[in-house]
Every structure is written in structure tokens, then in C-alpha cells.
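Undergrad: Residue-level listing of the chains:
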Amino acid sequence: MKWFKPLKSVAMSALIGVSGIASMQAQAELGYPEKEELKFGFIKLTDMAPIAIAYEKGYFEDEGLYVTIEAQANWKVLLDGVIDGRLDGAHMLAGQPIAATMGYGTKAEIITPFSMDLNGNGITVSNDIWKQMKPNIPKRADGKPQHPIKADALKPVVEKYKEDGKPFNMGMVFPVSTHNYELRYWLAAGGIHPGFYAPHKGDTSGQIDADALLSVTPPPQMPATMEAGTIYGYCVGEPWNQQAVFKNIGVPVVTDYEIWKDNPEKVFGITKAFSEKYPNTTIRLTRALIRAAKWLDENNNANRPEAVKILSQSNYVGADYDVIANSMTGTFEYEKGDKREVPDFNVFFRYNATYPYYSDAIWYLTQMRRWGQISEDKPDSWYVGIAKKVYRPDIYEAAAKSLIKDKLAKVSDFPNFAEEDGYRSPQTHFIDGIVYNGKKPNEYINKFSIGLKQGDKI
Amino acid sequence: MTTETALANNNTNKPIISDSIKALITTGFKTVLVPFIGILVFLMLWAGAASKIDTSLGKFPGPSVVWEQMGSLYEEHNAEREKEQAFYERQQKRIEARLAKDPDYVPKIRGYTGKETFLDQIFTSLITVLSGFVLAAVIAVPLGIAIGLNKTLNAAVNPVIQIFKPVSPLAWLPLVTMVVSAVYVSPDPLVAKSFLNSMITVTLCCLWPMVINTSVGVASIEKDLVNVSRVLRLPALKHVQKIVLPASIPMIFTGMRLSLGVAWMVLIAAEMLAQNPGLGKFVWDEFQNGSSNSLARIMVAVIVIGFIGFLLDRTMLQLQRFVSWDKAGTAS
Chain F
1 MKWFKPLKSV AMSALIGVSG IASMQAQAEL GYPEKEELKF GFIKLTDMAP
51 IAIAYEKGYF EDEGLYVTIE AQANWKVLLD GVIDGRLDGA HMLAGQPIAA
101 TMGYGTKAEI ITPFSMDLNG NGITVSNDIW KQMKPNIPKR ADGKPQHPIK
151 ADALKPVVEK YKEDGKPFNM GMVFPVSTHN YELRYWLAAG GIHPGFYAPH
201 KGDTSGQIDA DALLSVTPPP QMPATMEAGT IYGYCVGEPW NQQAVFKNIG
251 VPVVTDYEIW KDNPEKVFGI TKAFSEKYPN TTIRLTRALI RAAKWLDENN
301 NANRPEAVKI LSQSNYVGAD YDVIANSMTG TFEYEKGDKR EVPDFNVFFR
351 YNATYPYYSD AIWYLTQMRR WGQISEDKPD SWYVGIAKKV YRPDIYEAAA
401 KSLIKDKLAK VSDFPNFAEE DGYRSPQTHF IDGIVYNGKK PNEYINKFSI
451 GLKQGDKI
Chain U
1001 MTTETALANN NTNKPIISDS IKALITTGFK TVLVPFIGIL VFLMLWAGAA
1051 SKIDTSLGKF PGPSVVWEQM GSLYEEHNAE REKEQAFYER QQKRIEARLA
1101 KDPDYVPKIR GYTGKETFLD QIFTSLITVL SGFVLAAVIA VPLGIAIGLN
1151 KTLNAAVNPV IQIFKPVSPL AWLPLVTMVV SAVYVSPDPL VAKSFLNSMI
1201 TVTLCCLWPM VINTSVGVAS IEKDLVNVSR VLRLPALKHV QKIVLPASIP
1251 MIFTGMRLSL GVAWMVLIAA EMLAQNPGLG KFVWDEFQNG SSNSLARIMV
1301 AVIVIGFIGF LLDRTMLQLQ RFVSWDKAGT AS
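Sequence lines, in order, name chains F and U.
Going by the numbering used here, the first residue of the first sequence is number 1, and it counts up by one from there.
Going by the numbering used here, the first residue of the second sequence is number 1001, and it counts up by one from there.
None of these hints come from the bench; they were simulated from the model.
From a predicted model like this one, the values you see are computed outputs, not experimental measurements.
With the C-beta cut set under 8 angstroms, the calculated list includes, among others, these residues of chain F facing chain U: (1) 36; (2) 61; (3) 64; (4) 66; (5) 68; (6) 227; (7) 247; (8) 249; (9) 315; (10) 319; (11) 320.
Straight line, CA to CA, 27 angstroms or less: simulated DSSO-like cross-link-like pairs of lysine-lysine: (12) 35/F x 1083/U; (13) 57/F x 1115/U; (14) 1093/U x 1108/U; (15) 405/F x 1093/U; (16) 277/F x 1108/U; (17) 1059/U x 339/F; (18) 39/F x 107/F; (19) 201/F x 447/F; (20) 1108/U x 39/F; (21) 1101/U x 35/F; (22) 1059/U x 336/F; (23) 1115/U x 309/F; (24) 1193/U x 272/F; (25) 1093/U x 39/F; (26) 378/F x 439/F; (27) 453/F x 107/F; (28) 1193/U x 107/F; (29) 57/F x 1083/U; (30) 1083/U x 1093/U; (31) 1101/U x 57/F; (32) 107/F x 378/F; (33) 39/F x 1083/U; (34) 247/F x 134/F; (35) 405/F x 1101/U; (36) 1093/U x 57/F; (37) 155/F x 144/F; (38) 134/F x 155/F; (39) 35/F x 1115/U; (40) 247/F x 1052/U.
Each residue gets a CB set at the ideal place from its N, CA and C atoms; glycine is no exception.
If we strip away everything but chain U, and leave its shape as in the complex, we get (with noise of 0.2 angstroms):
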């Protein structure tokens, strides 16, 4: 009997453990080995166009032309650096040279002069992205709900929006640029006009998304929440703070998120055509280089600048997650 039992529970037990382990392989099927073997198809595909298609500079770089390069980018980046060193090095030995004969110079040490590395102009772009991103939402949150409160100011500032909106920032670039030579003039500016140009185009990217999400997300706020604030008679400022801002937070990073996305896309371009330090510049001056590497450096850049925007979407993504009440409209 206990001999039948222990059987039967083997028995049992047996497709309990199969079960598991299966839903195992699917899951880790599904999450590990289709995305490794699409990104092995594609890779393939990849490596097969590539070296069919020939153009004036080569063939077109497959994938193992572009993780070489990947390689002596970053060594060009290394060898740089050790420049760097060696740049400050010389001139502290020449300031002190010079102090000892001109014992009233006021040294002051001057700013590595050497070109910008491939990693330099990721961090340039990122910098810039995120600043731009940054000064919209502190414009844009407290103007949407301002909106989102007011039916007549809704009324008012909307079809502003609305022309503006389609616009894309890159139609702003040249506007942009003269106004900031213009206006943003002192002998020794805190950050270069360059940056400012590319900053304020995210910024006019970012706006309108912005805007209209967190106008949109305060003015469907639940009547009953209105009620409650009512009731409780709370002044204007804690009924944004304590009900329309929660209220309203999922609408808001919706639209952060999206804004953040075509953002980065558009400051590449802007990038490229103002010839402002960034990705964008490395990609068109490769370009214009026309060296038989140019093409495999750009498609580096191409796919690092893919991945930066997939990370951004991905912190936007779980920040708005970490902020949602309700979890509502955050499947990825």
C-alpha cells in the first residue's frame, strides 16, 4: 500500500516538475532565444546586403567592418585622453617656466584644445537632450495645467498650439541660431551658442506634446476628486498640489515620453545640419571625410544613437510606471 502510494505520488509529482521546467523553456524561449535568434537573422541578412552593395567609398560596412571600427573609436578615444594627460602636463611646466621669470602672471589653466572622441559627442548629445528636455517640462507642465484648469485660457492659447504644434523644430533652427547670436552675447558665456541652438530646438520638440498631454490629462480629471476638493474648500494651489497633479501624473509622463523620443531623433538631424557638437556632427563629418572607414563609423553611430533612444524610452518607461497610481497605458 505504501509502496502504491509512493508510486502514485511519484506518479503525480512527475508532470508537476515537467510542467515547470516547460513553462521554463517557453518563457525563456520566448524571452531569450526568438529576440537572439531574430537579432542573429538580422545580423545575417545584414552581413549579406552589405556585401552586395558597392559605393563610391567601399562596400557597404557588414556587421563585423562595424564592430572593428566600433573598437578603434574607443582607442581612438583612450589615445586621446592620454593626450589630454599630456596636454596639461606641458602647460604646468610651462606656467611654472614662466613664473619663474614673470613672477606676476596670474596662470590660469586653459581647456584641453584636442578634438572631441566619439564617446565626447555621445556625452554632448546626451547633455543636451536631457537639458532641452528639462527646460520644456518645467515650461510646459505648469502652462498645461493652467490650461487643463481654465476653459477660457484652453480657448485662448489653443490654436497657438495647434499651428505650432506640426511645426517640426527644425524649421525653428535657423530663427533659433540668429536670435541666440543676437541675444546671447558676453566675452566669456557660460555654456557655447552651439549648445544653447541645439538645446532650444529639443526644447521647441518637446513643448507642444507636453503641453496638450498635461492640459488634456488635468482637464479630464474625475469630477468626483473636483467635488472632494470642494468640499474640503482647499485653496487653489493645494488642489493642484494634493488632487490635479496626481490626478493628472500618467497623462503628463505619457507625454514626457513621447516627447523624449522624437526629441532625440530631431537633435541628431538639428545636430547635422548646425553643425553643433554632437552625434549628428560625427555622422556628417564622416561624411564629408570619405574615407573607405566613413560608412562603417556612421553605422557605429547609427546604432548607438538607436540603442540611447531605446534606453530613453525605457528609464521614461519605468519612471512613469514608478509615478502611476493607477498603472493604466504603461504596457510596453
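This is chain F alone, in the form it adopts within the complex (with noise of 0.2 angstroms):
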């Protein structure tokens, strides 16, 4: 059997050679999806609609792709739906692969290679609280409340309950959710404190020294949550706020549009296993979801009365057209019949809405440090090594990349990836007037007047 050695150590080094050029061929070429059938989670909200419109427009196909998209419970069901692997990826709150990543709740390594939308979340409050607020809301010439409406016109119906002895409850939809540190963040900035978290304490429900109580309820059961009085008001994503307003239940009173201009969203997530053991498919997979935002934002949002048409559907959102078009198509409804232009409410592409900048994983960061979520003081640097584990600009190159060289996208449709660091430059289009520079965490943390700051431990 002397021979048989040299025969298998020659077909070894063929193979290799052969694996060799394949890989080489790979860079040049995008190969095929190595997993052919996907199953992705959403929750019933609009911002979903870029797996949505990737589906019905075929460009899941398009990539070789068979996708079946299932509406999930609540955000922790569809979190361990994609750590267990009952689902290959999913829309998913920003803080929620951060969180993952970095042991807080449930730790599994979960990255984003791409985001899916800036804004589209508001707060809403009960008929009877805005009743008591309204009065302490400036009004403009014609006699509308002037916008943005800031929490301290809030802050004395908090105080009363305070004094009665009544708690003041507000819904958001999940611990690490941008609803929770948006709602934090206007309420901290009208003077009204949302509670600080302990995990090393055991205490993660974020309620101590809190004037406001905030708890998770899941989306879609915000309004009847409301209507049932178990909350006086909620942050959460549309057609939620508008529904309220349809039903005549609850008065929107400010958009995340407003607490911070152009604020980046939901992401898509999928475990770093999955990249790395189907990495045709993680590229194949973000090029389908670009070119699905690209076409929800194109011609100056002319495909959105289509988008609606498609998420009114009772397998994805499922809301009435009417009430999903309010806020897709660039109006808002806060009291009825107070419908104004918000052109930028749902962004989808422009703004490099997509891209996954370091820097707004890093603003989360530093909402999750402020609330004491992470409960111990860390170096700049760290803030910089999460947000490089979890935020991966670099799928979304190679994907924005094949995808110029396919004709589908301009290179004017990306940022310029050879200059890009991954830093937005400092945002100033703050409620509170604060900036914000993601190069620098704790600078920033300390600027707030409520919330934990460099040093800070509760």
C-alpha cells in the first residue's frame, strides 16, 4: 500500500490548488449562498419593511435566496429565535445584538451588517394625560401646540400623581430598545427622572429613583395596554402612535425625528456563526435588504404607497392601509386632525441610512452606561472594541461594492468607502441641545444633567 501516500498527498495538493483558485475566484466574483433556505423574524412594525419589500420584489431571490419571514411574539422570542437558530436573522433593535454581545441579558455574539431605517418611532399619552398637559404646552399663532413638544410639559402631571401616591407607568418595548433610552432621553430632558438599572444589584427593572415607571410591553399591544389604563403613555414604533390616534384612544406627542434628527433604528441581525459559516450568504443577504431600501426611499419616496399596500398585508403589519400610509408617507398625525409634514419620519436609504456606523453603537453605549445597564465605568477604548464586534461595515462594503459592479447601485448611493471611519461627525440635532461625538463616550455621558456619569456607581 506503499503507493497509495504519494497518490493521496498529490490529490491533496490538487485539491488545495483547486480550493485556492476558488477563493480567488470568490473575491472576484460573489459565489453562491451556501444555505439556500432562510427563515427571518420581525416584529409587526413598519420599519420591517425592507425584509418585506427584499421578499415581494424578489430580491431575495434574485440572490438565490428562499426566505420565509414569520412574525414573532414579542423582541425576546425573536432574540432566542436567532441565538437557538430557529431563525437565520432578523429585524432587530439596535441595542439588541450590543446588549448580546457584550453578556447583558442573554450573551450570544450577534452582529449587523446592515441597518435598516433612521427614526420612525413616537411617544403617545392617554387622552386624559394629554388633557392635563396641554395646557402647559406654548401654542403657536394658530392656536396648534407649538413642536416639539418637550417633556416639561409633563413634568407636572408626574408630579401630581407623585403627590397622590400613584405611580405613573409608561410603556416601552424592551429593555435595551431605542424606544426605552428615546423615551428616557425626553423625559430626563424635560426634568423628569426614568429610573436608574443595577444588574450587579439584581435590579434590572430600571425603576430605581424613578418619577416615571417605565415596563415592556410588546408593540403591537401597546394601544390596547393603554386603553386598559395599565399605562399612561408609550414610546414605540408606527403604526402604533397613528393607531392610537384611529382609535381615538391616546394623543401622540413627540417624535424620535424630533429628540434626535435622524436617529438610526432598527438593524438586521444574524449570529457571527452564521457569517462566518455561510459567508456568501451574509453578503448575498445584505445585498438583497440595500437594494430593497434603496427602493423604498427612490424617487423621492414614490414607492411608498406601494410599500404600504404590501406591509398592510396580514402577514406583515397587517395595520389598515390608512393608518401605516400616515406615517410611510411622510405625514404624522399627533392630536386628530393636527397632520403635519414630516417628510423624514421613515428613512429607509438616504442619509447612508443603511450603513452601519460605529458611532451609533456607540451612542447606544453610552444611553446603556447613563442608566446604569452597564454598571461599571469603561475606557473610550472599550466603547470603540463593542461597536467593532457588533456594527460590520465591512459585509456592507463587499455587499454596497458587487453590488455597483452588478449595475444595481450607484457609488453615489454609499458612502465613500475608502475615506469612511465608521464616525458619523458630531450630531447637534439634539431636543436638549447636547452634541454628541462618538469618538469621545464619556465626554458625552458627562454631560447630562441626570443620569450616571464618569465615576458614577449605583
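With the hints as a guide, bring the two chains together.
TA: Written out as C-alpha cells, the structure is:
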């Protein structure tokens, strides 16, 4: 059997040669997907649109991907689904991959190659609270409330509840959700303390020292929970703010666009293991999502009515066309009849909305630190380290470049990859006027009057 | 004379004919007209009450709206089937294109990825309830016979059955879910986990009434029959086959009919709770959507669930009549 060994090594070297060529080709041309049948999860919110559009417009199929899309009951079920492999990927809260990688909640390495949208949330209060708030709000010449409405108007109401010994309950969708941080940001900017977390003491309720008590409710159940009187207001994505107007049970007071102009919202999350095991599939699904996002914003939102029609199907968001259309087509109805133009309420592609900026991830980390979810001081380098683990512009870049090569997108659609360092320039459009510079997270945290600062610990 | 008799005959004949007509009318009245009027009155009451109830999702759906939604659900089903057709055609083309480029590729047809329609959900629920039911029967009937035949075994098993019998299978659901996801791991599973969860819940629900009814049926076989078997010195298996089974069949089927009815109710609740595919999920999804059609669509589901429950019960009743020798206890 001596002849066998040399033969084997010859075969081996031939094999290596072949695979070497194959990998070189992969760089030149994107290979076929390793996994063709995929299952993606989502929560019934309008910002899942890129996934629905990529499916309905056949962008997934163009990549050779056969994707099943499945609504999930709540964010926890969705995250667990991705971690245990029941789902291959999902529409996620930006904080979810970050918190999971950091080990806050379930620990798992989740990455995101694609940021799904900017803005898209609102804060709604019940009719009763609105009646008490309204006298405190400055009026415009035409008698309508002046925007943005600050939480200063809500403060006397919360104080009254506190004096009467009644808890002032509000709903948000998940402890690490954008909505939680936005609601906290808005409340704190108006002098209402939203409460601290103290995970090192086993307290993850987030209600230490709180004036307003925040708790978790799944998005589609927000209006019903407020109608039942369990909560007095909530922060959630669309269509659940507009639904409150239509059902006549509450009034949206502020959109997140007014709290922080063009804030990053959902991301598309997959496990790190998935991206390593199926690199071509990962790039291909990113390509499909980029095309979908581009379609959603094309020609100045010209495709939005069609998108709304798709989203109103019962297997996607399923709410009425009119309710979804209200926010998706550039307007937002506050108090009934007070419809205002908010053209950038939902941004899916312009302003580089889909590029996963490190600075976006770092903003979430600063808020986690501010409210005590990160209980210990961390150096600036730690913030960058986590952001680079979770946000993967490299995958995005590969997908974008191959789209440009296939003439499915233009160079001008994307940031200049040669110069991009992953940080947006310091952002100034916050409701309280505080400037955010992603390169200096600790300096940023120290600027807030309510919240933990460098060196603080509960 | 002849004319007189003819007349008399005529006189006696007339009442006979009108009697049978009358009987026909009364039975027709009872079996067709009365239920018809009942349904009509119900629909009117429903329509009247519906128009007075305002929910935050609009008016409560009346019969006409529900009828409309029934039509639109059917249309959606047809539209989805067309999309499915197109999906497979596109896939075929894509496979051919790839084969032309990459001849080593082993094509595999991928299943349709679109949504499940209302009709699909009905089908899923039916399959689930029937497979859960059959599995329960396979376990419960032999177990029940063994318990019925053997007093000692009965004494041993009875306390366990008595404790588990009143437990709602929904309480088992979380345990079933966790055990299934821990034990049932395969890269290419034959059936979905969600299907197994629902099915096992149905099985747990059907098991106890069937075991109890079977064992009671077996235990209450007439002594004479048992004695005959003794005299003939039938071996144990023959004894079960020739004496025990035929004698206890009416009771076994009573248990089955009971449990199938309960299982159908429990399955819908389980699907709602666990978000497993089926009619229950359809109801919950529609509730979550909160569109202006949602309530009417849920009402369609309610009617369909009721109708299927009714059909299942009737089918079991027919089966029971067919296999029972004494026709006792089968009056509807």
C-alpha cells in the first residue's frame, strides 16, 4: 500500500490548488449562497419594510435565497430564535446585538451588517394625560401646540401623580430598545427621572429613583394596554402611535425625529457564527436588503404607497392602509386633525441610513451606561471595541461594492468607502441641544444633568 | 251501489293521503323550517346587536361583513396559490440558469416561502388534531384494556390518572415545548417542532378520557361472556380480541368522541398561546394586526372552528354507530 500515500498527497495538493483558485474567484465574483433556505423573524412594525420588500420584489430570490418571513410574538422570542438557530436572521432593535454581545441579558455574539432605518418612533400619551398636559404647552399663532413638545409639559402631571401616591406608568418595548432610550432621553430632558438599572445588584427593572416607571409591553399590544389603563403613555414604532389616534385613545406628542434628528433605528441581526459559516449568504442577503431599502426611498418616496399596500397585508404589519400610510408617506398625525409634514419620519436609505456606523452603536452604549445597564466605568477604547465587534461595515462594503459592479447601485448611493472611518461627524440635533461625538463617549455621558456620569455607580 | 262504494272508498282514501302529507309537512317543518327560522332569528339578533357595539377597531362585525370577509379570505387563498405557481416557475428557471453555468450543481426544489392562507391554517389544525388523537388512541386503548382486565394494575395506575385527568393540557404546554426543543434535535427534521408541540398537547388532552372509558368498558363486561371465554379456554390474546374488544367498543368510542371534542377546543387555545401554525394562530395574528377587518376575520374563524367541531363530532358519532353492536348511547 505504499503507492497510496504519495497518491493521496498529490490528490491533496490538487485539492488545495482548486480551493485556492476558488477562493480567489470568490474575491473577484460573489459565489453562490451556501444556505439557500432561510427564515427571518420580524415584529409587526413598519420599519420591517426592507425585509418585506426584498421578499415581495424578488430581491432575495435574485440572490438565490428562499426566505420565509415570520412574525414573532415579542423581542425576546425573536432574539432567542436567532440565538438558538430557529431563525437565521431578524429585524432587531439596535440595542439587541450590542447587549447580547456584551452579555447584558442572554449572552451571544450577534452582528449586524445592515442598519434598517432612521427615525420612525413616537411617544404617545393617553387622552386623559394629554388633557392635563395641554395647558402647559406653548401655542403657535394658529392655536395649535408648538412643536417639539418637551417633557417639561408633562412634568407637573407626573408630579401630581407622585403627590397622590399613584405610580406614573409608561410602556416601552424592550429594556435595550431604542424606544427605552428615546423615552428616557425625552423624559430626562424635561427633568423627569426615568430610573436607573443596577444589574450588579440583580435589579433589572430600571426603576431606581424613578419619577416615571417604565415597563415592557410588546409593540402591537401598546394601544390595548393603554386603553386598559395599565400605562399612561408609551414609546413605540409605527403604526402603533397612529393607531392610537385612529382608535381615539391617545395623542402622539413627539416623534423621535424631534428628539434626535435622523437617529438610527432597527438593524438586521444575524449570529457571528452564521456570518462565518455562510459568508456568501451573508453578503447576498445584505445585497437584497440594500436594494429593498433603496427601492423604498427611490424617487423621493415614490414607491411608498405601494410599500404601504404590501405592509398592510395580514402576514406583515396587517394594520389598515390608512394607519400605516399616515407615517410612511411623509406625514404624521398628532392630535386628531393636527396632521403635519414629517417627510423624514421613516428614512430607509438616504443619508446613508443603511450603513452600520460605529458611532451609532457607541451612542447606544453611552445610554446603557447613562442608565446603569452598564454598571461600571469603561474607557473610551472599550466602547469602540464593542462597536467594532457588533457593527460590520466590512460586510456592508463588500455587498455594496458587488452591487455597484453588477450595476444595481451607484457609487453615489454609498458613503465613500475609501475614506469612511465609521463615525458620523458630531451630531447636534438633539431636543436638549447636547452635541454627540461618537469618538468621545465618556465626555458625552458627563454632559447630562440626569444620569450616571464617569465614576458613578449605583 | 258501485258508485256508492266508490264514493265511500274515495271518502276513506282522502284522509289517508292528507294524513301522510300532514306527517310529511310536520317532519319537514321540524327538520327544515324550524332550524331555518332559528338560524334566521339568530342572524337578525346578531346583526342587531353588532350594529350597537362600537369597539376601538370599529363596529362589531355583523353577518354581512363576515360573509364578505369569508369571500375575501377565499380570494386571498387563490391569489396565494397563483403566487406559489409563479414561485416554482421562477425557481425552475433559476436552477436551469445555474446548471448552465455550474454543471456540478445538484438542484433541490425549495418549498414555497409565502404565507399560509386561512385554508392552509384550517388544514394544519385538522391534521394536528387528528394525529394527536390517533396517537392518544394508540396509547390509551391498550392501556385502558390492561387496566380494565387487571384489578391490581388498575389500583396502581388509577391515582396517577385521577390526578392528571383534571389538568388543562395548556398547563402542560410550556413543559412540552421545552422538552420537545431539547429532545427533538435533528438537522433536517421530518416535522416541525411547533407541530409536535401542538400534537402532543392534543394527545395529553385525549389520553385520559379514553383510558378511563376503555378501562370502565372492559371492567364492566358481562360475567357470562367472560365465563364463555373461560369455558372455551381462549388464550389471553384471543380473549381480548373475541370477547373484550367487541364488548367494550361502545364505551371506547364514547370516550373517543368526548376527547376529540375537547381536543379541538384545546388545540385552538394552544395554537394561540404558543403561536403554532393553525387556526388559533390565525385568530391571534388578526387580533394583533388590529385592522378594521380583523374582527370580521376572527368571526369567520370562529364560525369555521365551530363548524369543523360539529363535523368532527358527527363523524365520530357515525363511526360509533357503525361499530357498536347494541346501538346504545348513540342517540345524538
